[in-house]
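Enquirer: Going line by line, the protein sequences match chains A and B.
Per our numbering, numbering through the first sequence is continuous, rising by one, with the last residue being 201.
Per our numbering, numbering through the second sequence is continuous, rising by one, with the last residue being 956.
Some hints could be false.
Unchecked claim - Pairwise CB distance ranges, derived in the manner of DEER restraints:
#	chain 1	residue 1	chain 2	residue 2	range
1	B	E694	A	S145	24 to 34 Å
2	B	R224	A	P124	16 to 26 Å
3	B	D597	A	D80	31 to 41 Å
4	A	A41	B	S401	29 to 39 Å
5	A	H139	B	F220	31 to 41 Å
6	A	D80	B	S850	41 to 51 Å
7	A	P68	B	T699	33 to 43 Å
8	A	S145	B	R534	49 to 59 Å
9	A	D80	B	K927	57 to 67 Å
10	A	P124	B	S495	52 to 62 Å
11	B	G434	A	D80	30 to 40 Å
12	B	T699	A	S145	32 to 42 Å
13	A	T58	B	H881	52 to 62 Å
14	B	R224	A	H139	27 to 37 Å
To be verified - Just a sample of chain B residues kept apart from chain A, beta carbon distances all over 12 Å, derived:
#	residue
15	D109
16	M302
17	E497
18	P892
Rather than coming from a laboratory, the hints here were simulated on the basis of the structure.
Cβ coordinates follow ideal geometry from the N, Cα and C atoms, glycine included.
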Amino acid sequence: MTADIRTRRSPLDGWAERLAELAPAVEVAERPFRTHVTLRLRDAGRAAAVSAVLGVELPRTPCTFTRGDGPHGPVEVAWLGPDEYLVLAEPGLQRTLESALRQAIGDASGAVIDVSAQRTTLTLSGPKARDLLAHGCAIDLHPSVSPSGTCVQALLAQSGIVLLVRDADAGEFTVLVRASFAIYLATWLLDAGVEYREYREVPV
Amino acid sequence: MSADFRLPSGGRIDRDTRLRFTFNGQSLAGRKGDTLASALLANGLHQVTTSIKYGRPRGIMAAGVEEPNALVQVAEPFSEPMLTATTVELCDGLVADGLVGHGRLDTEPDTARYDAKHAHCDVLVVGAGPAGLAAALTAARAGSRVVLVDDQNEAGGSLLGRDDYLDERSSDAWVCDVIAELAAAPDVLLLDRTTAFGAYQDGFVLALQRRTDDLGFDAPRHVSRHRIWRIRAKQTVIATGAHERPIVFSDNDRPGIMLAGAARTYLHRYGVQVGRRIGVFTTNDSAYHAAIELAEAGMDVPVLIDARHTVPPKLSAECATRGIDVYPGHVVTGTEGQERLTDVHIRSITGGHADTVVCDTLLVSGGWNPAVHLFSQLGGSLRYAPELGAYVPGESLSSARVAGSAAGAIELMACIEQGAEAGRAAVTAAGFRPAAEIPVPFADARADEAAATVLWRVPGSENAEEDTQFVDLQRDVTVSDVTRATGAGLESLEHVKRYTTIGTAHDQGKTSGMLAAAIVAEELGADLADRRPTTFRPPYTSVSFAALGGRDRGELYDPIRVTALHDWHVAHGAEFEDVGQWKRARHYPRQGEDMHAAVLRECRAAREGVALMDGSTLGKIDLQGPDAAELLDMLYTNMMSTLKVGRIRYGVMCGIDGMVIDDGTVIRLADDHFLLTTTTGNAAMVLDWIEEWLQTEWPHLRVFATSVTEHWVTVPLVGPKSRDVLAAVAPDLDVSNDAFGFMTWQDAVLDVADGIPARICRISFSGELAYEINVNAWDGLALWEALINAGEPYGITPYGTETMHVLRAEKGYPIVGQDTDGTVTPQDLGMSWAVSKKKADFIGKRSFSRAENLRPDRKQLVGLVPADPTVLLPEGAHIIESDHLPEPPVRMLGHVTSSYDSAALGRTFALALLRSGRDRIGEKLYAPVDDQLVPVTVTETVLYDKEGARRDG
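The following block holds chain B by itself, in its conformation from the complex (with noise of 0.2 Å):
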C-alpha cells in the first residue's frame, strides 16, 4: 500500500516535475531532485528488501553512502547491478527491485561511454558541506587553484534545506552565495555528484564523477556516463562530514527504524515524513534536533528515549512543548513489528520502569562516526575519541587537513571556523598568503548542551537461540556472532572482521565497523584507545570496473601498434597477429586457403622464386660515439670490435647470468656509429639494457644510443630471384655476389619515384639469397608497391609471420622467447660459435663457467622428426624416452619449441629443448599428440641445405 509521506511544503525538489518510476513491480511517482528512497518514502514505503542470511525485511536506515541495508538492482533506464537506493537519483521511467545481497551484473555490453581527466589544484577540498565551503572560500580568495567535490547533487553538506541562518542570511542563501563565488573565480574547479573514492601518496586523489545518471533516459549518448578524476593536490582539506551511528539492540533491524539525522535529510531536502508517529532513541543532543524538527513539521513524536539521566534542559523543554516524551536513563530494548515497524519496547536502564509505545518510525542516534576514510588511506593515524565513542585523525599531516565533523566537530559554527582554518593552513602551505581574515558567519543553529554518552548496545537477546541484535545488517551479523568470534580466541579486530564479514559488505561496515570493535573490545575487556582500528583503504564507496576502464576498451584498449605497411596488408587480405602491441601480418591466405595451405605456398615461393615481407618492426637502435666498439663487445657475446666498416655481423646478447636474453645483427657504418637489430619484442628492453649499463656501469664510455625503429621500413626480399627483383629496383648498385657479398651492406638510389634513398643488407633469416631493404618510413608504401611491380614477372609474393617462423626453422635458426625462455645460453643453442673466447669480458662470461652451465645434461636445442610425416608435435608436447606412459612421475626429457609443416621438406618437423639433446641425435624418443604417443626421432637443428649451399642465390 502506498500514501502520501510528502509535505505540502518544503525541501529542494522540483514539485512541478512529476517522475514515474517503478520498484519490485510496483508503478510510483516521486520528484525531480528526489533519491530512490526518499521517493520510497514518500510513498510510505520503508522496505525494500530481505536480507541475504535470514530473509528478514529490510528497509531505509540512512540517507547516503552509509546505507547498510537498501540494495537495489536498476533495470532501466541504465543496468547497474548493486547500488544503494539512498545514492540513486531518481529519474523518469526508473525500474528497481530491491536486492538480496548479491547484485548480477547485465550480460548485455555496456554501450556507455565513461572517462578519465587530469586536474591539479594547490588545494583540493573533499566534502562541499559547511566545513568544506569555508575551506575553499578561503582558498579561493587567496588566488591558489582549488577543486572542490563533493558527492551529493548540490553543494551543502548538512545544511542543505535546513532554515537555519548564517548572519542575515538563510544557510541555503549562505550557501548559494560561496559557490557562486567560487563558481566566479578563474581557478576554482566545482565537482557536484563526484566522490573522492581514493586518497594516496603525493596528494593524488580519485574521484568518481556521476555526470549523467539523473538525466535517466535523456542522458546524452556523447557524453560519458562516468568520469574518473584523477586529481593532483599539494594540499588537500578532508571535510567529509560523519556518518551517524546505530545503536544495537533486539530486533534494530525492521523496516522503520533508521538513523535520526537521514529522517532530518528527508525531511529537510526531500520534504518527507519518514513515518506517522515516530520514536526516537539517542544518546546525544542531535536527536532532539530532529524530535523537534519532526514535530514542527507535523509529525507525531510520542516519546524521546534518552540513554543519558542528564539530559539536555533545554531542548527538553522544547521537546515538552510540542508533546514529546523525554524518558532520561531509559533505552529501547526491543521492537515488534514485521513489514514495518509497530511497537517499541524501552525501559530504564536502572531497572523499574518499562512500557510498550506503539510507534511506525523510530530514529536512533548512538553518535557521529567522523569519515576519516580518505585520511586514514593517506597513512594518517586515527586516535580513538571517548567523548565521542569514535576514531578521529590522530595527527596532522604535511599535505592534508581534516575540518568539520570530519574531524570530530559537532557544532556548525565549529565546523566552519575549522574549515576557514584547515583552508588558511592548507592555502599557506601551498605556497598562497591567505587573504584578509574570512568572516565566519554566526549560525543561530540550536546549540548542543549536554555531553553524549556512549552507548554500543542496549543487552537483550544474545543467550536467545536466535540472536537479533545486529551489528552489521548487510551481513546478517549479530552481537552473538561476534562473541562467538572472541570466544575463539579472535582478538584482533581484523580477524573478527573476516570470520565474521562484519564490515565486508558494498558499505565496508560505515555503520557497522565502530560497534564492532566496540563489542570486540568489551568482550576482551579492552580499552578502545589501545586497540587500533581496522585499516581504510579505497575505494570509499564502490566503483564500476567500466568507469575504472574509462576509454581503454575496444580498438583503445591496448594501443595498436602498425607499420607503414598495414594498409597494404589490410587491402591485400593479411591475416593479422599480435606481436607485443605490433599488428603483425601473419600469412595473406588466397580465396580458400587456410593458413596451412597458404603457408606452404608462401614458403614455396620463398624457397623457389622470390618473396617479401614486412620486418618493420624489427627493432633497431643507432649506436654512435668513439667508445661504440668497446660497448657492443661488452654486449654481446661475440667479438663486434672487429667488423669491418661496411660489413654486418649475427650477435648473440645474454644477461649477466649467461643466459640469451636478444639477438640480431650489428650493422658498422663508420668506425664510430653502428646500427643494431633487436627483437621485435625487445626493442624496447634493449635500448633500457645498453642505457642502463651505459648510466650505472660505464658512465665513462663515450658512445650515444637512440632507437630508430620506426624511422626506417624494412623489407625483406628473399629467395633465388631476390637478385633480379633487386637489381630491377637498384639499377645503379652492383648485386653480383662478388660486389654484394653475405654479411655487407650497401647504400643506394632506388628507381622508385623520383629516387628513394636506402640502406640494403645482405642478411638472411631463411637460409635464401636475400636482401633487407631500409628506407625511410614514408617510402615504404612506394618501396614495397615498386618491390611488388619488380618481381611480378617472378611471381613475387608477400609472406607473414608464419611463414617466416617456418624458413627461419627449417634452417635451425632459434627465435628468441619461442625456442628460449630465459634459461637457455647460447651453448644450449648450438652456438658455442658466437661466444668469443678472445675477449677478457663480456656480459655474462662469467656464468659460463659455472658447474650449472657445463652440465652435459642441459637441454639443448634439437630438431625433432616426427616418424610420420604428416603428424605437426602441439608446440609445449613434452619429449620422453618410452613408447607407453610408466608410472608417474614421468621423466620429462623436454619439450617442443617450435612446430611446423615444411614444404621444402615435405614433411612436418620441430625444434625441441632436449636433454643431452646433442648426445641423443638419432635416437628415438616419443612425444604426446592428442591421446596417443608418437615416435620422433631427433635431428640436427639444421633440416634444410644443410652445406648453406643456397645463400648466395
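This is chain A alone, in the form it adopts within the complex (with noise of 0.2 Å):
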C-alpha cells in the first residue's frame, strides 16, 4: 500500500507561485517527494554490485555526483564523504531502493538509511540562478572551478545544503534543503532576488 499522494505536504507546499516571481532571472522550483537515501559503504568491493543495482558508478571523486538511467530510472548519486553517498531518485522509490542497496552491501560495512523526507528538492536555473546563489554561498561555482557534476556541501546563507552542479555552462543547480530550513531558505531566495525580478533578457 503507498500513501496517496494528495494527502502528502513538502515543506514548500503554496510556495510555487511565489518562487515563481523570480523568473525569469532565475527558475527556482521544488521538486517535492523524491527518493532520498543515504549509502554509507566502506567495503570498496561492493561497489560494482551497488553500480549494478543503480545503473549508476558511485562518485569516487569527493565532492562530485555521478548520474544516469539504471534500473530504477534516472538516478543521481552524491558524495558526500570517504564512505557516505546520497542517492537520488524519482519519488515513490524509497523501499526498493532501500531493500536493493542493503542487499548489494550483504554483510559488508555499511548501512541503507531512507532520508527522503530530510531535505526537499529545489531546482536554480535561469541567466542570474549562479548570481543568486553567490549571494549567500561562499563555493565558487565559476564552470572552471565547478564544472558539470560537482557537488558539494556548504552553506546557503545560514541554511546547510547540498548543492549539485546539474550543467555548469547554462547554470543549472539543485540545492537540497533540510526540511525545517525550506521555508527560511525560500524566504531567503526570494529576498536575495528582489533584484533579479527586474531582470529582462536582452533580445540579441
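From the two separate chains plus the hints, produce the assembled complex.
Expert: Now the structure itself:
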C-alpha cells in the first residue's frame, strides 16, 4: 500500500507561485517527495554490486556526483564523504531502493537509510541563478572550478545545503535543503532575488 | 557668504546637471559628479565644523578617506550619522550638517536594503589608479579571472582629470581604453565605489560597495544600498596609492589649510579653485606641480615655501615664470585667521629672514605615506624608508604584492611599471602564463628633480600655554600632548596612542599616525627604523553595521526552523517559543485564556482524557552496523546491548567528566540497527559527539550514524484515552497492553488516506498511557488531522511545550539543560539506576569514582512544595535555611530549576538542585519571592502517581 500523494504535504507546499516571481532571471521550483537514500559503504569491493543495482557508478572523486539511467530510472549519486553517498531518485522508490541497496552491500560494512523526507529538492536555473547563489554561498561556482557534476555541502545564507551542479555552462543547479530550513531558505531566495526580478532577457 | 569658485571649464563633473543641497542650513548648489566637499569648496566654503575639544574652526583638508576634519551628519536623502564630506557623493536634495566629533544614530529604523555577494578570482587588484590598472590589464590579458575594486566613482586614481599624456593619448583616454578592455573581458569584475576594507588569511578580502548613494532620492528601493563583497583571490595586488602627509606647525588647523595633492584633485576632478590667493609649503617636488597647475588655472600663487635648501631647478624656473616666489630653506611658523586663513608667517630655517604672506589658502605637503593598510592587515611587515619619511612594505608575501605609490613609488611611470610587474608576477603565481609584455605608456608629466626632505614639525608653540601644533586634528591632540605622554615615561607607540587618543578617530590616523610615530621617536631620541609602527587592523574605513548585517535581519536574522505541522499550529492560535532555531508551539490559548489557564486546561486533558503534541523537533539518529550495540554501551551510562529487538530503553549520556550531556530513548529495530532520540537542542551535538568518538577513538567499530530528525514527524499521543484514539486510526494494530506493552514499538499502517506507514512507540514523558507516533514528515499533517478527528469524541486537546514541561515535572523527569547545567551527574538526578555497575567501561564512568563526585553534599535534584499552594517560585530562585536573610555571605543551598502550577496536584510545585537534597527531604527551607522569603518543603522528585499506576492506562 502506498500513501496517497494528495494527502502529502511538502515543506514548500504553497510556495510555487511566490518562487515563480523570480523568473525569468532565476527559475526556482521545488521538486517534492523525491527519493533520497543515504548509503554508507566502507567496503570498496561492493561498489560494483551497488552500481549494478543503481545503474550508475558510485562517485569516486570527492565533491562530485554521478548520474545515469538504471533499473530504477534516472538516478544521481552524490559523494558526501569518504564512505557516504546520497542516492537521489524519482519519488516513491525509497522502499525498493532501500532493500535493493541493502541486498547489494550484503554483510559488508555499510548502511542504508531512507532519508527522503529529511530534505526537499529545489532546482535553480536561469541566467541569474549563479548570481543568486553567490549572494549566500561561498563556493566558487565558476564552470572552470565547479564543472557539471560538482556536488558540495555548504551554507546557503545560514542554512546547510547539498548543492549539485547539473549543468555548469547553462547555470543549472539542484539544492537539497533540510525540511525545517526550507521556508527560511525560500524566504531568503525571494529576498536575495529582489534585484533580479527586474531582469529581462535582452534580445540579441 | 558663498561665492563661485568653480572654474569655467575642466573637471569631470557634469556641468549641465545642477544639484541643490543644504549644508548647515544654507541652500547651495553643486554639480553632478561633485563630492559634498568639492561642492562646498566651489561655493567658497572651507569651514565644515568646529573641533571636538577646543571648538576651533575646522575645514576641508583632504579629498578622500584620509580627511581628518570634515565630518558631517547627513539627514537627507538617507540618514547617516558620521561621514566625511570628502567621500559623500553629492545628490539633489542632500541635507547635511557639520559634525563636532560625535554622530547621532537615527532613531528611525533603517529601511534600506543591504546585501553581500561572494566573488572568486585569480587576481584581485585593489585600486584602479595607474598601478592598479596596469596590474589588472596584465592579469586579464593572461586570461585569468580578475576582480578590480576602486573606492572612487570612476577608475583612474591620480590620473583623473589630469592633462598629462600617456603616449599619444590623454591620461583620461588611456584610463577609458584600459577600462573598456577590462570590461569586455569575460572574467573580469569591475567594482567602482568599492572600498576594500579588510584583508585576511588565504586571500580573503572584504570590500564595501556603495551602490545607490549617488542616486539620492532616486535610489531604487529594491536595490541594495550597500553590498559587502566577500572576495577570495589566489593573488592580490595592492595598488592603494598614498596619503599625503601634513607638516605640524603652530595654528596648522585653520580652514583654508589643506593638503597640496587635495587641491590638485579639486582642480582636476571638480574644476574647483580651492582659494583666490594660495601659499604652498612643501618638503618635496610634488607640491610644485600643485603650485604650477593652480597658477595655470588662474589662481594667484604668491609663494612656495620649501623646507629644502636645494630646490628643483626646472620646477623652480617654471614657478618663476608664473610669478610664484620660491623660498628655499624656509618654513611656515604660524598662521592667522578665524573662520578662514588670512595670513601665513614664514621664516628662514637658518634664522634671519621672516615674513608674513597674505593668503586665504595654504597647501601643505610633508611627503607621502604609502597606503600599506591592507598589506599590514595581511601580516606583512613594514620597513621605515628614511628617504620618504614613511613606512613601506618590508617584505614580499607569497600571495599579495604591493605596487605603485602604495609601495613608495613617486613618479607616474614607475607606478605603471610596478603595476604591470605586480600583475605579471601575480598572474604567474596564480598559474597563468602572462601574455606578451604589456607596453608601458610613456608619461609626459613633469618629473621630480630634487630629493625630498623629511620634516615632521616646525618648532613653535609647544611651550605656550595653549599649544596649537595639532598632530591629530580630529582628536584635537597636539605636540604637547605627545610630549606629555613621552614625558610620563610612555615609549611604545601603542601606549602613546591610547594615552593621547591619537589615531583613534574615524580616520584611524591616516594623516596623523606617521607624524605621531616620528615625534615620539624624536622625543625618545630613537631611530624610526628601529621602532615598530602601530598595527593596521580592519576596517580600513568605517563600515556600518547595517552593511555587515546584510540580509540577516528581521525574519532572516537567524533561520527559523519549523516542523511539518507548523501551519496547523499557527492556524489554531498557538503561541510559540524558541528552542534553539526551532519554533515550537508553547500552548494553544483559547479565547480569553492566558498561558496559565491554557496550560492548566491542556494538562488536565492529558491526565484525564487525551492530548497530543508536536514532538517532531526531537533529535533522531539512525545507527546501523554490527558494532552498534557496543557503541551504545559506551555512549550511554546504562546497558543498551541487552535491549531486545522490538523494545525501547531510556538512556543517559555523560561527558568524560561524568556530567549529564543528554538523554533520550533507544529503540532497537534489529540486531544491528537502532534509532536514538535526543533532546531538541542537542540533536546536532549528539551526532557530532558520536562521530568524534567513532572517528578519533574507535575507528574499528563498524557503525554508521545518520541524522533522520527531519525525516520523521513525531506526535506524542497522551492520556487515558490515547489507546482508544490510537485504535481508531490503527485498526489493524492490537493496542492492548499485553500485545503492545510499555517501552515497546510496533510498525503499523494507519487508516489514514490510503494508508500511512507509521512507527509507534509506547513511551511516556508524562506518566500517562502514551504513544509516540512517527510518520514520514510528508504525512505528518494527515496523521495529525486524523488524530484530531479520531479524538474528537474524547475531547482531544493539542498541547504545547509548556504543558509538556509541567507533566514531566510532576513525574520528576528532568530536562537536560533546564534541570541540569553541565555540573550534574546521573546520581545527582537520582538516576543511579541508569548507571550500569556491570559494564567494564563507558564514557564518564571513571569520573563517578572521583572524590568530588562522591561528596554527600553535592547538589541533588529534589521536589519543592511551597507552604502556600498558590505561590509560584521563580525559576532560578536561591534556597536558604533561615526564614530571614542573615548577614552576608548568605549560605545558598541550591536553586529552583523548574517551577509550575499543577492542575493534577491542585497547587504549585518546583524542582530544585539542593545541597544534600535527598537527605533534606521533609525539611522546611526558604526561597525568596519578590521581597518575601517563603517557606517550602523538600520532597521526592515524583509528586504525581508515585506508584506509576497510570502508565498502562
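Enquirer: Hint by hint, say whether it matches the structure.
Expert: The hints, checked one at a time:
| no. | hint | verdict |
| --- | --- | --- |
| 1 | E694(B) with S145(A): 24 to 34 Å | 31 Å, holds |
| 2 | R224(B) with P124(A): 16 to 26 Å | 23 Å, holds |
| 3 | D597(B) with D80(A): 31 to 41 Å | 53 Å, violated |
| 4 | A41(A) with S401(B): 29 to 39 Å | 38 Å, holds |
| 5 | H139(A) with F220(B): 31 to 41 Å | 37 Å, holds |
| 6 | D80(A) with S850(B): 41 to 51 Å | 33 Å, violated |
| 7 | P68(A) with T699(B): 33 to 43 Å | 39 Å, holds |
| 8 | S145(A) with R534(B): 49 to 59 Å | 56 Å, holds |
| 9 | D80(A) with K927(B): 57 to 67 Å | 60 Å, holds |
| 10 | P124(A) with S495(B): 52 to 62 Å | 56 Å, holds |
| 11 | G434(B) with D80(A): 30 to 40 Å | 32 Å, holds |
| 12 | T699(B) with S145(A): 32 to 42 Å | 36 Å, holds |
| 13 | T58(A) with H881(B): 52 to 62 Å | 60 Å, holds |
| 14 | R224(B) with H139(A): 27 to 37 Å | 31 Å, holds |
| 15 | D109 | 23 Å, holds |
| 16 | M302 | 45 Å, holds |
| 17 | E497 | 34 Å, holds |
| 18 | P892 | 45 Å, holds |
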